[in-house]
Amino acid sequence: MSTEALLTTLDLVGIFVFALSGASAAVAKKLDVFGVVVLGLVAATGGGAMRDVLLGATPPLVLSDWRYLVVPAVAAALTFYFHPQLAKLRRLVLLSDAAGLGLFVVAGTTKALDAGVAPLGACVVGMLTGIGGGLLRDVLLGEIPVVLRREIYAVAALLGAIVVVVSERTGVDSVGSAVAAAALVCGLRVVSLLRKWSAPTPRGVGTDGRGAPR
Amino acid sequence: MSTEALLTTLDLVGIFVFALSGASAAVAKKLDVFGVVVLGLVAATGGGAMRDVLLGATPPLVLSDWRYLVVPAVAAALTFYFHPQLAKLRRLVLLSDAAGLGLFVVAGTTKALDAGVAPLGACVVGMLTGIGGGLLRDVLLGEIPVVLRREIYAVAALLGAIVVVVSERTGVDSVGSAVAAAALVCGLRVVSLLRKWSAPTPRGVGTDGRGAPR
Amino acid sequence: MSTEALLTTLDLVGIFVFALSGASAAVAKKLDVFGVVVLGLVAATGGGAMRDVLLGATPPLVLSDWRYLVVPAVAAALTFYFHPQLAKLRRLVLLSDAAGLGLFVVAGTTKALDAGVAPLGACVVGMLTGIGGGLLRDVLLGEIPVVLRREIYAVAALLGAIVVVVSERTGVDSVGSAVAAAALVCGLRVVSLLRKWSAPTPRGVGTDGRGAPR
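Residue numbers (the working numbering), protein chains in the order written: chain A, 2 to 215; chain B, 2 to 215; chain C, 2 to 215.
One thing to keep in mind: the hints can contain errors.
The list cannot tell twin chains apart, which means a pair is met if one copy fits it or any two copies do.
[Said to hold, decoys possible] With a straight-line Cα cutoff of 25 Å, these simulated SDA-like cross-link-like pairs (lysine to any residue) come out:
| hint | residue 1 | residue 2 |
| --- | --- | --- |
| 1 | 30 | 194 |
| 2 | 89 | 171 |
| 3 | 89 | 201 |
| 4 | 30 | 201 |
| 5 | 30 | 10 |
| 6 | 30 | 115 |
| 7 | 30 | 144 |
| 8 | 30 | 177 |
| 9 | 197 | 117 |
| 10 | 197 | 34 |
| 11 | 30 | 147 |
| 12 | 30 | 65 |
| 13 | 112 | 70 |
| 14 | 112 | 57 |
| 15 | 89 | 176 |
| 16 | 112 | 71 |
| 17 | 197 | 181 |
| 18 | 197 | 82 |
By construction, these hints were calculated from the structure, which means they are not laboratory data.
Since this is a predicted model, take the numbers as computed values, not measurements.
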């Protein structure tokens, strides 16, 4: 398998698991089958679409390559019919989601740098590629986005983006550093889930019991 | 009247009724007159603006042609002042909305194909042109978008988009097939309203009483 | 200081105070430190990013100039740690916010006219530059955007945009009219706060007690 084929495969795996997360959230909100598929598509492709629109790379990749639509649609349909079984695979889904996040962040940051975006802007684009689908998913479901409320999710994404930018600026080998950045994001995310880490919340305003503040 | 003038007229009729729907929702939420006008504008022009941004056709049509702003603003102002009377025209508004949906879907899909978007992507753009304004309207009002929750709305939009793409690929006469696709969307939507059809909801998670599941 | 340096400085001041408003809203919702920073960034740069995406000026300015990211991030971090003290500066923050609104509207309308957008479309772009960040802030926090619900906020933005467009069309001196338009927006906003003005709400649907209807 060539490097590019490998990257595309990994990208589609990320899209598959992100679609599972969007569709599961839609099932929990009792949306109909169409709503479940739309939420799956949005969660899987929203971050990449935001990235492409911000970079002026229109039409976005998701509209030009049919696999970026069929894969999440299939994942969402599977979720619709098999969500009780899927609940038992929660650990596997969370792990895949962490891996997908790492991949999306690295791909988004790299694409932004290639498009000539400044380093700090590229970090924002990379982070948004990773968390944008989840943001749209939660907004469509009428929730405050979970990535803004708790857990080391967006922070992991941002750190991964910084690693990509720094390694590109210092001329470090790009394939190795990309793998390292993706592994960092995925690892941080998994460890924060295991340890129930959360970012600090403001003092003096109490907690709403939804995060895991210390 | 030339074909183009006819199409523009139909488009503006669609924008007018979509603005009525957005403004009515804003009135129900007790927004002030400005909020009512903004919601009318968003519901009427949001789908087309999303389409143009995704296709890179910026600035979007709504910003270049004053009629695309004045018509929905007038519709929203009328709704603000005459909403009690408008409630009596509910059937007419729903019918016009169905017609507007058909028109928007056909126009959006055709524009995406003309811009060189792949077939499946063009279906997504066409559907989004039809339902995007309603999505934004509901998100701004803090609701889960109604098109994701119930009724054959987005499904009708998707089927219409598929008809446009298939007829374009198979070289069928484009005017006739466009009319057929718009009629299909409108007809499906009207029949689903009359019959209270809904798409299936997930098994095992109960219903929230807002749809009409069977 | 040159005119351009002055304009950039004023722009960054506007971004700073808009970030305070976004971060304060996030603190009130008990988001974690990362969520507070993201909300600050979104409130400060969302309107400008919408403007640039609609005008096809991608990547948006916020991604190319690091100051447009560092300034709101610092403002949000300050808000996170010093929000109790910030509450005492409420009047100053509201005044700065009014000034920021005036500046954003004038800058957005001017940029749209320069990009060849039609007059009415330029008014919409200018208004959206001013209120877009607040819209996104409230949507991410699961609220109906406050600018749609009460107070002369968006109306002031729209009037300012109209002044810019009219003065550009009639060939009036642009620097003087830009200052006048920004002052009009800021003044209207401040007076409406002092007098508790609100735009009219629909008759016959009651009030929700959140605005200040007459």
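| field | Index of numbered hints that the structure contradicts, given in increasing order | value | Of the numbered hints, 2, 5, 6, 8, 9, 12 and 15 do not hold.
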